[in-house]
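Residue numbers (numbering that gives the first Met the number 0), protein chains in the order written: chain A, 0 to 316; chain B, 0 to 356; chain C, 0 to 349.
Honestly, the hints are just simulated from the structure, not real lab data. Treat each hint with caution, since some may be false.
[As the list claims (entries may be wrong)] Which chain A residues face chain B? A few, computed with CB under 7 Å, are given here:
(1) Tyr209
(2) Asp211
(3) Leu216
[Said to hold, decoys possible] Calculated lysine-lysine pairs in the DSS-like style (CA-CA distance at most 25 Å, straight line):
(4) A:Lys222 <-> B:Lys160
(5) B:Lys147 <-> A:Lys222
(6) B:Lys286 <-> B:Lys330
(7) B:Lys286 <-> B:Lys328
(8) B:Lys160 <-> B:Lys208
(9) B:Lys286 <-> C:Lys198
(10) B:Lys160 <-> B:Lys147
(11) B:Lys147 <-> B:Lys208
(12) B:Lys345 <-> B:Lys286
(13) C:Lys198 <-> B:Lys55
(14) B:Lys52 <-> C:Lys149
Fair warning: this is a prediction, and the values are worked out from it, not measured in the lab. Just so it is clear, CB atoms sit at the ideal spot from N, CA and C, and this is done for glycine as well.
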Amino acid sequence: MSLGQTSIAYPNREDGALASEAVSPLGGDLNERSSPWWFRRRALRRQIFHPNNFILGLSCAVLAIVFLWAAVPSLFSPDTAVGAYPTQVLQPPLGKFFLGTDQYGRSIYAELVYGARSAVLIGVLATAGSAIVGSLMGIAAGYIGGATDMVIMRVVDVLLALPGLFLALIFVAALPPNLMNLIIAVGVQGIPAYARVLRAQALQVRGRLYVDAATVLGVARWKILARHIVPNCLAPVLVLAAIGFGFAIIIGATLAFLGLGPTTPPLNWGALIASGQGYVNQDWWITTFPGLMITAVVIAVNVLGDWLRDHMEPTSR
Amino acid sequence: MPPNQAAPLAREEDRHGGQREGLRDGPREARAQRDGALLEVWDLVCHFKLRRKWWKGGPAPVVRAVDGVSLSVGRQETYALVGESGCGKSTLGRLILRLERPTSGAVRFEGRDWLALRGDHLRQARREVQAIFQDPLGALDPRRTVGKSVEEALDAHNLAKGQAARRRVAELLESVGLRPALAARYPHELSGGQRQRVTVARAIAGGPKFIVADEAVSALDVSVQAQVINLLADLQESLGVSYLFISHGLATVRHMADRVGVMYLGRLVEEAPAEELFSAPAHPYTKALLSAAPAPDPTTASKGVELRGEVPSAASLPSGCRFRTRCPKAKEICREAEPVLLAVAKGRSVACHFPES
Amino acid sequence: MTELLEVEGLTVKFESAAHHLELVRDASFEIGTGEVVAMVGESGSGKSITARAILGLLRRNHRMTVEGNARLAGRELLALAEAEMREVRGRRVSMIFQDPVGALDPVVSIGAQVLEAVRRRRSGTRPEQRRRVIELLASVGITDPELRAKQFPHEVSGGMCQRALIAIALAGSPELLIADEPTTALDVTVQAQVLDLLKRLRDERQMSVLLITHDMGVAAQTADRVLIMYAGSLVEQGPTADIFGHPCHPYTGGLISAVPRVDAPRSRRLVAIPGSVPEAADRPAGCAFHPRCPLADDRCATAMPGPRRLGNQIAACHRAEEARDSQVHRWQAGPGGGGAGRLPEERAAL
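The whole structure should be built from the sequences, with the hints applied where relevant.
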């Protein structure tokens, strides 16, 4: 070592640089742009409670109420859904009954509260089912490729070729009419969207350098799939699911309206609309309130889905 | 031993049709062992077929990314592969890493047929051949801490588990000049130099014998580049690894390389010990590459532009010598006949009709 | 030589809830008429931001404030309204960028894109304008300009795209061309051609060039004067020969030595500057370079050095004289190739 070097003292700055404080001059905090969404939970909370997000807040409130109705309906309605007041048929709203009564003398409000459970069940279970099955199909097709890809995507093409409602109709007509089968029918029509998107996602992630890096390290194929491909593919699923949830409720209600839902309780908003059909000219409230309810839930879910898409997709690569 | 004069070796699996780990020791084999060649590449070819456009006739265009390259890398040697974009140097690296399938040719690693390895045999053998990529941010999974990323290398070969693995990760990070506490960080929280050190730590985790460093320092800041080059040199000394150091510029490999191969459009045009290549380049392309590199010294007058135009597409190669369209010395024969890579001195070979003497 | 661009005390601040940052701190420099000035710095040094601030390309709605003066031939640029600035951009100052293929519209032919620039800045009939397009393409060294004008960006090489962009930039006959890393995406042999072109244009048109680059080699071979930026500050400036001959800032010396050279004596070790460039939010107090500096003392850790003139150079360093006179700034790794440029930890571990 020559003399010149001994005089050089090297303080260690290598790991002192806190890049987490980094700021990009052209687009806000780097963290907000580059970190995965779960990294920004605090920012997330700030967003939710921001006064500007009134519509978003309203949507969240609507969904919260509907979920609570579904969970503990008896807390919200003094009447039971089946408990009819034969002397009080076809009462208009804002009388003795908040939203009036139907032709059997049942409180519309109670029916809405008790109908929430089936709507939520259809929404949650059908969406979860199609998300899981569709995502697995898509990821398998994209990652494995070749013949597997061919077979899976042709199946998806067949599903996609039929309109969602029609597809659900076929299933529900072929199966015995109960809630579970309704959910299955609604779930099946949701599968293609997930499969398509996740396949594209898997194809993209498969080409990422860190997948090559893991391959070179000698990591087994299934471990690469579980550790790298799947976690990095899942971002769009949440967004798709939020939008799919609303759609599932509509399809479920439509099938029930057409009389293809479960013939026994739980009540369904779609079935309510169907039963009020004959009275729509004079006693408009029987059909209007369930219809409004479905609309409100679907809009709320879509608002939330849009917001998720804007804020939760990781931009980090 | 420059293997480029040797006839291409038939792929072992083609002859035996199965997975065979141990191979017969042929005479060439014995020679390679004696010369201490760790990795040998024999006439490697990788062509990519492009999709034919329906409105254009003729056969589908073929990109000749790697078009017959032979080289050998000895133990603890650094072989630098240099060339401009599109010359196939990265593809060659990926072929050796088994990330791409060659069209033909053979690769031997420690005398074994490297291309015949399949499935779990290949997965286990990968421990010996590792990679460092150009873009460290891309090479690290954004959703995993860098500690987890390094640990994965240990886990892949059951080298350490749990607490022991974390201890080993800390050791590895220290050995590349990083504070072990950084293991808990995510890749985007580190600087470019730190990220590249992490990928180096990951590459050496399994104790490899051979590392493909594909533009390992090109994306880094100048002041950090030198650190990483020095780190790689130190690791070579302490671990005894060999490098295939892929770079687009000759300057970067100046301090690293024992031998240099210059690639142009899928072929080696010159191969020489580093010292000789830098002092007396034989191929006009090597000469141009050397003179085009701007020296950080205004008194070293730039030799001016030696090459006109740019690299032609690898999908439509010029006739004869691939370099003739840009070569200042091109004559009629260059259009007609493609020069072969011929030995001009010990350890030196050049593919040119009119090499510099 | 008359000064074309005078920048004085340019400061760019960025404010957000969590941060209050100075991306560029008090930068002052001049560019003379017909002069190539290279601005050299590593990532995050603020060199691109400086150029964008001068051209009014920083979006003001991004909590970004620009202070100081930038006068183009005596006319203040930073106070101009957007409409006036648009007039300046293109006609008097043009800019080209790093990624030539991305900067061109992929669905419009090269000729049409040059024509658009010509039309915006020049009157004349259609045939005159078309002739001018061909002239421009030829003047940037595109062979067969008639044919190239009809081609689309994806059909030609990156170097060709960069030439086309230079042609677009020249359409308004600007007095100043700002080239932001124009050759970084190009191969070395093509880089040499493009740099040659810039020098030729300077000679032919008496055009000034601000060449932003991270490559000391490019600066040495192309520029008349060099500005060195580090962590948002202009740490040294001066004529190229002086800067490379006897750098007055330890960072400049470190950068020069850290560049790998094809003609250097071959040694196993490269000379490296330890540590890494601090992020804008994490700049140390005092001189931003002091944690990485071999000459740093207590003063450097507390007081921010101001620019001082030493001969032809201006350096912002408390110990500029020592840096210039000592050999330490060369960061020489001796023949043994010992531990220079290595972190203490690293040295211990190996």
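Going through the hints against the structure:
| no. | hint | in the structure |
| --- | --- | --- |
| 1 | Tyr209 | holds (5 Å) |
| 2 | Asp211 | holds (5 Å) |
| 3 | Leu216 | holds (5 Å) |
| 4 | A:Lys222 <-> B:Lys160 | holds (16 Å) |
| 5 | B:Lys147 <-> A:Lys222 | holds (13 Å) |
| 6 | B:Lys286 <-> B:Lys330 | holds (18 Å) |
| 7 | B:Lys286 <-> B:Lys328 | holds (12 Å) |
| 8 | B:Lys160 <-> B:Lys208 | holds (23 Å) |
| 9 | B:Lys286 <-> C:Lys198 | holds (23 Å) |
| 10 | B:Lys160 <-> B:Lys147 | holds (12 Å) |
| 11 | B:Lys147 <-> B:Lys208 | holds (23 Å) |
| 12 | B:Lys345 <-> B:Lys286 | holds (20 Å) |
| 13 | C:Lys198 <-> B:Lys55 | violated (42 Å) |
| 14 | B:Lys52 <-> C:Lys149 | holds (20 Å) |
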